[in-house]
Amino acid sequence: MTIIFDGIASGMLLFLISVGLSVTLGLMNFINLAHGAFAMVGGYVCVILLDRLGVPFFAGVVIAALAAAAFGAVLERLLYRRLYGSSALDQVLFSIGLVFVAMAVAHWLFGPAQQPVRIPEWLQGQINLPGADIGIYRAFLVALGAAVALGLHGIIGVTRFGAELRASVDNPRVARGMGIDVDKVFVLTFAIGSGLAGLGGAVGANLLGLDPGFPLRYLVYFLIVVSVGGAGSITGSLVAALIIGICDVAGKYYLPDLGAFIIYTVMVVMLIVRPQGLFGTR
Amino acid sequence: MTDLSASLPAVDTGPLKRAARWRPAEFGFWLLPVAGWFLFPDDLALLTQIAITALFALSLDIVLGYAGMITLGHAAFFGLGAYAAGMMPAYLGIGDPLLGLLAAALVAGLGGFGTSFLVLRGTGLTRLMVTVGIGMMLYEAANKASGFTGGVDGLPGVDMAPVLGLFEFDLYGQTAYIYAVVVLFGMFLIARRIVMSPFGLSLKAIHQNDTRMPALGVSVNSRLRVAWTLGAVFAGVAGALLTQTTQFVALDVLGFSRSAEVLLILILGGAGRLYGALVGTIAFLLLHHVLAGLDPEYWQLWIGLILIGVVLFARDGILGGLARLGARLHLRRARP
Amino acid sequence: MTAPALETRGLARTFGSFVATNNVSLTIAPGARHALIGPNGAGKTTLINLLTGFLEPTRGQVFLMGEDVTALSQSRRVRKGLARTFQINRLFADLTVLETVTLAVGERAGIGRRFWRPVGAHGEVIDAAARIITDLHLGEVANSRVKDLAYGRQRLVEIALALAMQPKVLLLDEPAAGVPTSESRQLFETLAGLPADVTVLLIEHDMDLVFRFAERISVLVAGSILIEDTPAVLADHPLVREVYLGEGAVHG
Chain A
1 MTIIFDGIAS GMLLFLISVG LSVTLGLMNF INLAHGAFAM VGGYVCVILL
51 DRLGVPFFAG VVIAALAAAA FGAVLERLLY RRLYGSSALD QVLFSIGLVF
101 VAMAVAHWLF GPAQQPVRIP EWLQGQINLP GADIGIYRAF LVALGAAVAL
151 GLHGIIGVTR FGAELRASVD NPRVARGMGI DVDKVFVLTF AIGSGLAGLG
201 GAVGANLLGL DPGFPLRYLV YFLIVVSVGG AGSITGSLVA ALIIGICDVA
251 GKYYLPDLGA FIIYTVMVVM LIVRPQGLFG TR
Chain B
1 MTDLSASLPA VDTGPLKRAA RWRPAEFGFW LLPVAGWFLF PDDLALLTQI
51 AITALFALSL DIVLGYAGMI TLGHAAFFGL GAYAAGMMPA YLGIGDPLLG
101 LLAAALVAGL GGFGTSFLVL RGTGLTRLMV TVGIGMMLYE AANKASGFTG
151 GVDGLPGVDM APVLGLFEFD LYGQTAYIYA VVVLFGMFLI ARRIVMSPFG
201 LSLKAIHQND TRMPALGVSV NSRLRVAWTL GAVFAGVAGA LLTQTTQFVA
251 LDVLGFSRSA EVLLILILGG AGRLYGALVG TIAFLLLHHV LAGLDPEYWQ
301 LWIGLILIGV VLFARDGILG GLARLGARLH LRRARP
Chain C
1 MTAPALETRG LARTFGSFVA TNNVSLTIAP GARHALIGPN GAGKTTLINL
51 LTGFLEPTRG QVFLMGEDVT ALSQSRRVRK GLARTFQINR LFADLTVLET
101 VTLAVGERAG IGRRFWRPVG AHGEVIDAAA RIITDLHLGE VANSRVKDLA
151 YGRQRLVEIA LALAMQPKVL LLDEPAAGVP TSESRQLFET LAGLPADVTV
201 LLIEHDMDLV FRFAERISVL VAGSILIEDT PAVLADHPLV REVYLGEGAV
251 HG
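Protein chains in written order, with the working numbering: chain A, 1 to 282; chain B, 1 to 336; chain C, 1 to 252.
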């Protein structure tokens with residue numbers, strides 16, 4: 001039971017970071033391999049605020065998410081927008097380039113070492129239930145992930161903004177004709193995606209470890225979540241992230257010899273069975 | 001064939017019929033390895049490295065540049081070839097380099113053919129992720145089976161016999177260099193024939209518009225399957241060359257960074273051009289030599305900036321840029 | 001036994017609750033010049049996609065020369081003699097006209113998998129392509145890249161590609177769409193000069209072209225064939241005027 005719960009928690013964390021990628025990839029058709037860099041920005045901002053400036057935990061996390069969102073918005077304006085409609089290869093190359101630059105800059109600013117993240121005491125410790133020991137921090141992650149999933153579902157599915165986003169992606173010219181500010185919609189969407197990644201990076205820094213190699217080390221995991229879940233589907237990302245999280249934790253526990261082999265096997269098998277992803281429509 | 005009515009301008013079939021002829025610049029290019037031998041006798045190891053990486057990039061050019069399949073797992077086939085070439089002497093006691101190449105080509109080709117079915121199941125991101133997954137699975141498998149592969153420390157007992165029974169691999173890397181260049185040239189000739197054949201033309205067409213090909217009666221996937229397998233064979237031979245010339249093979253032949261790096265090299269040189277892979281390799285390894293020599297810390301930053309710059313400003317690589325420059329000069333000369 | 005060149009029986013296709021094609025039964029005789037007209041959204045493109053095998057029908061069958069091809073893939077139907085052009089140019093932008101047509105002729109001749117002799121060594125294939133290009137008056141641009149051609153000429157390359165397949169049945173999906181009037185005369189001549197044994201199904205908005213070209217016309221409305229007859233009858237048919245010409249498309 002403990003293992004399953006730990007798997008769910010790390011799956012939720014994976015979901016938090018990946019869901020933004022799913023949105024840019026599925027709805028805006030942009031393959032952004034630099035997504036992990038925004039999570040890293042969130043992580044570093046959070047560390048600085050908490051550790052060096054003594055900002056309270058929640059404030060630090062929120063500011064970190066906002067900083068990542070702002071960072072995403074700026075990059076979207078300056079660089080990403082030039083590549084909407086470019087070939088997949090261009091987007092892949094460009095965003096890998098960004099990853100390398102981000103890693104080099106992080107290395108230059110913070111050095112190669114792992115950054116320690118302090119968690120407030122009331123989030124530490126465990127609740128011992130019969131049959132399972134539940135880490136309080138992990139419970140917090142699960143709750144946060146669930147809240148974000150519900151919130152996003154509401155925004156994309158129900159609100160006017162969601163409708164505008166879908167219209168803008170479907171046919172930017174027509175959307176403009178209908179009075180939708182397509183540029184603004186894209187920038188906002190991108191910022192939300194980056195902000196969520198930053199949030200995930202901030203709350204996940206102590207589980208995942210924060211160092212300049214972060215964006216590349218977890219890139220494959222994020223992409224697995226998106227491709228297995230089906231790009232653009234929030235439910236799909238959630239389910240895929242949970243599957244990957246549980247398989248990863250359980251695999252490491254029961255079959256330590258196989259290590260990461262399990263994750264890749266799970267991914268390839270699922271993609272062979274359902275090439276469009278679990279909840280993908282294409 | 002020119003009994004056409006006078007009013008219709010006849011079609012000049014010359015350019016297409018002569019397209020496969022060797023151009024003077026090509027002869028010039030292949031003088032470079034000879035020049036390298038005389039100009040940099042102390043850097044033969046680096047030059048050998050360039051030849052091997054060029055062959056690897058050429059293999060990706062078939063898959064990505066011509067057939068248009070994006071892959072981030074191409075090192076899988078480089079690694080298969082490298083390990084096959086290493087295990088021939090290590091486990092079977094067969095040290096002959098040419099037999100090793102053959103074995104590597106066979107193993108990598110089988111691997112390529114088998115994985116082609118997985119890769120062609122999906123498109124877009126799914127396909128990209130399957131290539132990543134295949135590369136990672138192989139890496140992890142080789143890592144876990146370190147008793148068999150030697151893992152990070154390398155496979156012991158890779159002792160190569162003389163090439164053709166005559167030429168020992170020497171301490172100065174002279175045999176290794178000549179051997180690598182000759183194999184590269186031979187494989188290049190094969191690749192050149194393939195991309196200029198009707199099959200190569202159909203790959204280019206699939207790359208440009210794969211939805212149109214079924215309307216010409218072509219099953220796209222069966223062509224792509226062949227291209228993928230061919231790319232794997234070429235990559236396997238490149239991997240085998242690395243094992244044989246260094247008499248060493250370790251886990252890094254399968255690494256993700258090798259897949260990413262070769263992608264960068266090809267894009268830098270110009271994908272979809274025969275010489276793009278070769279020029280890209282020379283440019284990349286020389287850059288690496290110079291920049292990483294200055295400050296190894298910032299090599300990563302440079303890679304990143306180069307990638308971004310290439311995508312934003314020089315989409316068709318060095319050779320594409322040169323071609324555009326040439327066309328402009330030509331125009332200027334044509335109408336002064 | 002003269003089986004129809006192309007026949008559909010009860011062909012239907014739905015997308016969710018939307019009926020794009022509704023119980024269409026068409027019979028087109030060998031060598032016929034048949035046209036299919038109908039207002040925008042009538043389901044013409046869906047019908048073509050069902051005929052070529054790009055889409056699978058929800059119900060019904062497609063016969064080519066009397067053979068049931070409903071289960072065959074697009075490329076298999078092409079090899080059985082069913083070629084098409086596309087409504088919007090879908091060509092190979094970076095190939096030259098000669099390369100494009102040579103590719104098609106080569107695939108038709110079954111040499112597309114040859115990987116050793118260069119394309120240039122297959123002189124007979126290139127010459128066959130050159131003849132098609134000459135026939136379509138594309139000789140002077142034979143060595144230009146397709147993307148550098150004017151739109152009307154790209155339409156002709158579409159037709160050249162289809163002709164290179166030596167089809168028994170040729171589906172022309174709005175060949176005149178987007179072609180300036182200055183070039184449309186040549187297009188008509190090209191269509192009129194198609195080999196007599198090739199069965200042609202023309203889908204077109206340009207009524208001038210349709211009424212000059214076709215021997216029989218079917219009118220498709222809301223996924224169903226409303227009526228089928230000769231141009232002479234249909235030109236004055238009140239129903240046709242109402243549903244189609246009444247839209248103010250082009251005079252009949």
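Note that these hints are calculated values from the structure, not bench results. All residues carry an ideal CB built from backbone N, CA and C; glycine is no exception. Possibly wrong hints are sitting among the right ones.
[To be verified] List time: in silico SDA-like cross-link candidates among lysine to any residue, alpha-carbon distance up to 25 Å:
1. K147/C with L118/B
2. K144/B with A260/A
3. K204/B with A35/B
4. K147/C with L329/B
5. K252/A with V266/A
6. K144/B with K184/A
7. K252/A with S146/B
8. K80/C with D210/B
9. K17/B with K168/C
10. K168/C with R225/B
11. K17/B with G186/B
12. K147/C with A19/B
13. K147/C with S146/B
14. K204/B with G110/C
15. K252/A with A35/B
16. K147/C with G326/B
17. K17/B with L191/C
18. K17/B with E124/C
19. K80/C with R225/B
20. K252/A with F148/B
21. K147/C with K80/C
22. K252/A with D153/B
23. K17/B with W116/C
24. K144/B with V101/A
25. K17/B with A93/C
26. K144/B with N171/A
27. K80/C with D68/C
28. K204/B with D68/C
29. K184/A with N171/A
[Claimed, not checked] Some but not every residue of chain B turned toward chain C, in silico, with C-beta under 7 Å:
30. L44
31. A45
32. G154
33. S202
34. P214
[Claimed, not checked] Beta-carbon label-pair distances, calculated as ranges:
35. I94/B with S144/C: 25 to 33 Å
36. F113/B with R166/A: 39 to 47 Å
37. S87/A with N221/B: 33 to 41 Å
- Message: Hinted pair, alpha-carbon criterion (25 Å max): K252/A, A35/B. Please report holds or violated.
- Response: At roughly 54 Å apart (the allowed maximum being 25 Å), A35/B and K252/A break the hint.
- Item | Restraint status (C-alpha distance of K204/B to G110/C at most 25 Å) | Cα-Cα ~17 Å, so holds.
- Item | Holds or violated: K17/B to K168/C, with C-alpha atoms at most 25 Å apart | violated, 30 Å
- Message: Tell me if the beta carbons of I94/B and S144/C are separated by a distance inside 25 to 33 Å.
- Response: violated, 54 Å
- Message: What's the verdict on K252/A and D153/B, does the C-alpha distance respect the 25 Å limit or exceed it?
- Response: holds, 24 Å
- If you draw a straight line from the CA of K17/B to the CA of G186/B, is it 25 Å or shorter? Distance of about 24 Å is within 25 Å: holds.
- Does the structure keep K144/B and V101/A at a Cα separation of 25 Å or less? violated, 32 Å
- Holds or violated: is there a CB of chain C closer than 7 Å to the CB of S202/B? holds, 5 Å
- Message: Would the hint linking K17/B and E124/C be met if the CA-CA limit is 25 Å?
- Response: holds, 11 Å
- Query: Do the alpha carbons of K144/B and N171/A lie within 25 Å of each other, as the hint requires?
  - Reply: With a Cα-Cα distance of about 49 Å, the restraint between K144/B and N171/A is violated, given a limit of 25 Å.
- Query: Is K17/B within 25 Å of L191/C, Cα to Cα?
  - Reply: Roughly 30 Å separates the two Cα atoms, so the pair is violated.
- Query: Is the straight-line distance between the alpha-carbon of K252/A and that of F148/B 25 Å or less?
  - Reply: holds, 22 Å
The structure does not agree with the numbered hints 1, 3, 6, 9, 10, 13, 15, 17, 21, 24, 26, 28, 30, 31, 32, 35 and 37 stated previously, though it agrees with the rest.
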